[in-house]
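Which chain is which? The protein sequence lines are A and B, in order. The number in our numbering is simply the position in the first sequence, starting from 1, with 2 added. The number in our numbering is simply the position in the second sequence, starting from 1, with 2 added.
Derived by calculation from the structure, the hints in this document are not laboratory data. Everything numeric in this text was worked out from a predicted model, so none of it was measured. For glycine and all other residues, C-beta sits at the position ideal for the given N, C-alpha and C. Take the hints with a grain of salt, since some may be wrong.
[As the list claims (entries may be wrong)] Sample of chain B residues facing chain A (criterion: CB under 10 angstroms; computed from the structure):
1. Y96
2. S147
3. N151
4. L155
5. F156
6. H159
7. A161
8. Q165
9. P173
10. K253
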Amino acid sequence: MSVVAELKGVERTFASGIKAVGPLNLELREGEFVSLLGPSGCGKSTALRLIAGLLEPTAGEIVWPNGKPPIGFVFQDPTLMPWATARANVRLPLDLARVPSEETTARADAALDRVGLSGFGNAYPRELSGGMRMRVSIARALVAKPKLLLMDEPFAALDEMTRQELNDDLLRLWRADGLTIVFVTHSVYESTYLSTRTVVLTPRPGRVLAEVASERMPAPDPAYRFTTQFADHANEVTSALRNGMKIAA
Amino acid sequence: MSGKLTYALPVALGVAVLAAWELLVRAYNIPPFVLPAPSAILAALLADWPSLMSSLWTTLRITLIAFALAVVSGIALAVLFSQSRVVEMMLYPYAVALQVTPVVAIAPLIIIWVGFERINLALLILAWIVAFFPILSNTTLGLRSTDHNLIDLFRLHGASPAQILWRLKLPSTLPYLLGGMKTAAGLALIGTVVAEYGAGSGTATGLAWRIVEAGNRLQIPRMFAAFFLLTVLGIAIFFTLSLIEYLVLRKWHESAVSKEK
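Isolated chain B (complex conformation) (with noise of 0.2 angstroms):
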């Protein structure tokens, strides 16, 4: 019962605004270049289909490969500050220091440091500097949460510091990892296509770029269709994320454990 709810709720608020969206535009005869009709965004969706698709796909593509180096490099420095109190100290407020500098304040800089040729791998950089920390946080964390009662435990059976690392402390924190690379991914959608803007016009093809194109066209329901497409991007990388931390925490972890057992 509540679980059908929980489909059927959202879908039917969205259809009953959708309708009264549709039903206004029409009656008060709102020109398309102020507010689309839900229609004409359809219709410039399926029009402009190819173009958004491969839009999509650009940044789609950099947006996975700076989630991928944000989580390498996120743990691999997590794991270093773990083993190492010195490195920690010296390397922390960095860290901190390159999250809470707004990416659109460096993004013009970077972008002029890697050059308009290689302006995807600009992209990339500042997408990874927005997703990179959440991992780094969150394994941190993660790490210094493990169970000390268990550290000594292997400690007594004589485990290396590697074995107490892979047996012990990277699964311990995993429930962390997993809700970090949940921000993370979604972080590093947004650094992307905030990288795209700060890119501007020229060699970028990303949805942002497709977005700032139809904003200075005066193409509003393309602009809209590429909202939408973002929307159900970013939707779509929650989602797909939410399932692995289901999948990997259902046996075991508090979190991913239903009630009514």
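The shape of chain A in the complex, shown without the other chains (with noise of 0.2 angstroms):
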């Protein structure tokens, strides 16, 4: 599998002088879902922004080797545009990006009936549900058709079953689209569930402490977080976790 990304020695250092991350030594291959998991503050989320680009590396440097993706991102919070529907919320990268706007309306339609959504284009965040307006934001993320997809603990707000759902629902788009996807997670079972591969992290400054793969192509089958499969998976990644907590403490 051809390799997306590869960071090379990244590190970000905050102008308080606090290390957040790094030095992160980590490649990203075609068609992955890479969870990247670790405690609270370990810089998992200013990871992710150094791979959209959204912050420069402070040093090291993330080599793309057939270039640039179109990127996808998607935040904890939904990050809708309260004063705008379901629809212009979706729409907005396409607007961005000046496409035309009789193109726009049928692309944010369709990304809506892929999440489900269909028949709420003309609704206001405040009206949706906290699983609905996630939802309106993945398929914000996916009307560019990005190849690379960053989502930063999206379902951490969610109730369990909206949770579980829409873990289905992500897989289902994700084995459709061929997307390459970086998780962002503090929940084991959310990335033994969802990840061909779990990459923990330190408590910060971040860095990677183990990869554990999955021995199993990932889909939607809720009768596999009951399985022994499932249950040896996350031990292994929770043993690997709590390696970490020690070598910190």
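Join these two chains into a complex; the hints should help.
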């Protein structure tokens, strides 16, 4: 599988002198579902922003062997414009790229369809539930057909049932679109269920502590959560995470 | 039920107070130059209707123009501040100085500078000074409060600074701006009236001048009639802006959303 991006000794030190990340070495391969897992404040979100180009590394570099692909970003909060309808929110990346408006509406509605929100195009964010708002946010991230999708604890604020539903829907979208996904989470179970590879980070400054590959191709299969295979996998990830905490302590 | 009470209760209180007022004035034979009865005020209002209306229009016109200028210049300066930290650091203290200086104190100076022959321009400047600051400070606050993640999202999708301003920062500033406009419109009226007092007799023909004139001639019912019109004007301005705020924000902002949904 071809390499999408390679992080080489990437560091980010803030103006306050606190080093949030690094040195971080990580390879992202095409079609992977990579979870970045680590304790709160370990610089997971910073790492994601560095990959997105929203922050510049203070040391090291990110190499894009085939050029930087179109990127979609999903935040922890839905981060919607409250004054705009669901459709107008989804359309935003196309509007900013000055795509003709007769095309944007159709593509926005198609994206809403894909996340299960057909018919909600005219709803305002405040009229939608938390889970539906997150679906709008995902539709917005997908509407411009990104190759790389970056997600920053997108389901952390949702109730467990909504979260599991969205996990399955996300896996369907990932498989259908052949996306590469980098998914930041602090939930071992979420990363175990979703990812082809879990990258465990150390406490701040975040460095790669361990990588745990999944033996199974992630698929929307709620029953998998109750198998011994799932438990073993989750245990492996958990003990890597514990090791990290011990090193820090 | 509570909707009807919202109107019924203040109206009932107002009618009761007016009735008590009328009765007391009649019962104790209070002379009209001390406290005119509501009926006498109404009579004065009707008798002087044309001149009071023309004064009302003078005051309202200056208030509205000053308010419009305050809105335009306040937004423009706030946008400038948001684009350039240096300009903000340089100008903000002076904007504050302009705000904290009582308008009564600088009214004579402005009037002398501008000249009595252009008294309306002087009134306009004074009213603008008072109305300008809430627009500037609220818009500045609104622009700064824009969701940082949304700014990042715009940047990620290659938005230009102009796109970020028009599509993101200005819309998210609207609730703050409208709040500032409500304050500023009331202040524009106050500024106009204070400036009219400062201008004193002579060329000014607004409601404040009617009040001064009526006071000098001990035409107290007429003075009360002018008070009454000023209050009505202030209330009308407040409700108009509240209505605009509601119409603009009702679809999306928490402040305008009814609780039972």
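Hints, verified against the model:
Against a cut-off of 10 angstroms between C-beta atoms, the interface hint on Y96 (chain B) is violated, since the closest Cβ of chain A lies about 29 angstroms away. Because the smallest distance between the Cβ of S147 (chain B) and any Cβ of chain A comes to about 13 angstroms, over 10 angstroms, the interface hint for this residue is violated. Look at N151 (chain B): its Cβ gets to within about 4 angstroms of chain A, closer than 10 angstroms, so that hint holds up. The beta carbon of L155 (chain B) comes within 6 angstroms of a beta carbon in chain A, closer than 10 angstroms, and the hint placing it at the interface holds.
The interface hint given for F156 (chain B) is met, as the beta carbon of that residue sits about 7 angstroms from the closest beta carbon of chain A, less than 10 angstroms. Look at H159 (chain B): its Cβ gets to within about 4 angstroms of chain A, closer than 10 angstroms, so that hint holds up. Checking A161 (chain B) against chain A by beta carbon gives a least distance of about 5 angstroms; that is within 10 angstroms, so the hint holds. With a cut of 10 angstroms, the hint placing Q165 (chain B) at the interface with chain A holds, because the nearest CB-to-CB distance is about 6 angstroms.
The beta carbon of P173 (chain B) is positioned within 10 angstroms of a beta carbon in chain A (closest approach about 5 angstroms), and the interface hint is therefore held. The beta carbon of K253 (chain B) comes within 6 angstroms of a beta carbon in chain A, closer than 10 angstroms, and the hint placing it at the interface holds.
Taken one by one, the earlier hints fail for this structure at numbers 1 and 2, listed in ascending order.
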